[in-house]
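Heads up: the sequence shown begins at 1350 in the numbering used here, then just goes up one per residue.
To be clear, the hints were calculated from the coordinates, so they are not data collected in a lab. Don't take every hint at face value.
Straight-line distance between alpha carbons at most 30 Å, and here's what the computed DSSO-like set of lysine-lysine pairs gives [claimed, not checked]: (1) K1492 with K1519; (2) K1548 with K1493; (3) K1506 with K1519; (4) K1506 with K1520; (5) K1564 with K1493; (6) K1553 with K1485; (7) K1520 with K1553; (8) K1506 with K1567; (9) K1492 with K1390.
Here the structure is a predicted model, which is why all the values come from computation and not from measurement.
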Amino acid sequence: LSGTTQGATSIGGNSGELDGQSFGIGTASKDQRVSKDALLKMTRNKRQATSKTSPGQQQQPTPKEKSSPLGSKPTGATLQRSSTNDEEQFPRVKEPSDVADMKDQPPSTPPTRTIAFEEFKQTRGLNLNKIYLENKEILASKKKQFADLARGINQMKTDIDKTRTDAEHKKNERLTMGEFLNENGETIIDEEEYELIAKLQELKGIYRNDYDQWKDLKSEINYCQNLVNQCQHRLLQG
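Required output: the full structure, derived from the provided sequences and hints.
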């Protein structure tokens, strides 16, 4: 019994103090005891961890595990995912060197005909385009003059026809009343008939002059039109 008591006393620091009944396993102090609630909680947590992790499968991270705690250092996988997301949301912009290289490169597609024509008129075809515009302006002016002259000639023709009709009517009246002759045997006409005849001669003279001018102007228009067409053709071929 004495040996047992000493053995129990030697291990009392681990198992507990003697309870006075000379047995080595006594009652543990309050500080050395494990509470029943803590023991149940540890057992429950261990079972839950075992049931969640099955053989051959890796434990999936919980939402709390996916997001790193504030102030914690991100892992390599986290940095890689962040880099990928940044590239998708914020594409890389062109750097100044890239922009300079693009300026030096020729355009991938040739400019349209209209753009090329405008560029030619401002560079190599500048003088030719100037001549083209001048000839075009002269042509437009002559066409306007031609149209005005044609309207004047047509109006003159109308006045001539009316004056001729009035003069013929007056002559018929005179013939109906009988002719009067002077000493030299010339027919005597009244003042009204004389004015109609004079007006008719004047209108005919104006008409001939305007008609000749109209024909000359028509030739000038054809010549100017030919020059404009040539300049336009050379500009388009340039």
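Right, here's what the structure says about each hint:
For the suggested pair K1492 and K1519, the alpha carbons sit about 40 Å apart, so the restraint of at most 30 Å is broken. With a CA separation close to 29 Å, the supplied pair K1548 and K1493 stays within the 30 Å bound. Restraint check for K1506 and K1519: satisfied, since their Cα atoms lie roughly 20 Å apart, inside the 30 Å limit. The hinted pair formed by K1506 and K1520 meets the criterion: a straight-line CA distance of about 21 Å does not exceed 30 Å.
At roughly 14 Å between alpha-carbon atoms, K1564 and K1493 fall within 30 Å of each other, so this suggested pair holds. With a C-alpha separation of about 34 Å, the suggested pair K1553 and K1485 falls outside the 30 Å cut-off, and the hint is violated. Pair hint K1520 plus K1553 holds up; C-alpha atoms about 19 Å apart against a cutoff of 30 Å. About 19 Å separates the Cα atoms of K1506 and K1567, which keeps this hinted pair within 30 Å; it holds.
Of the supplied pair hints, the one linking K1492 and K1390 is violated, its CA atoms being roughly 109 Å apart against a limit of 30 Å.
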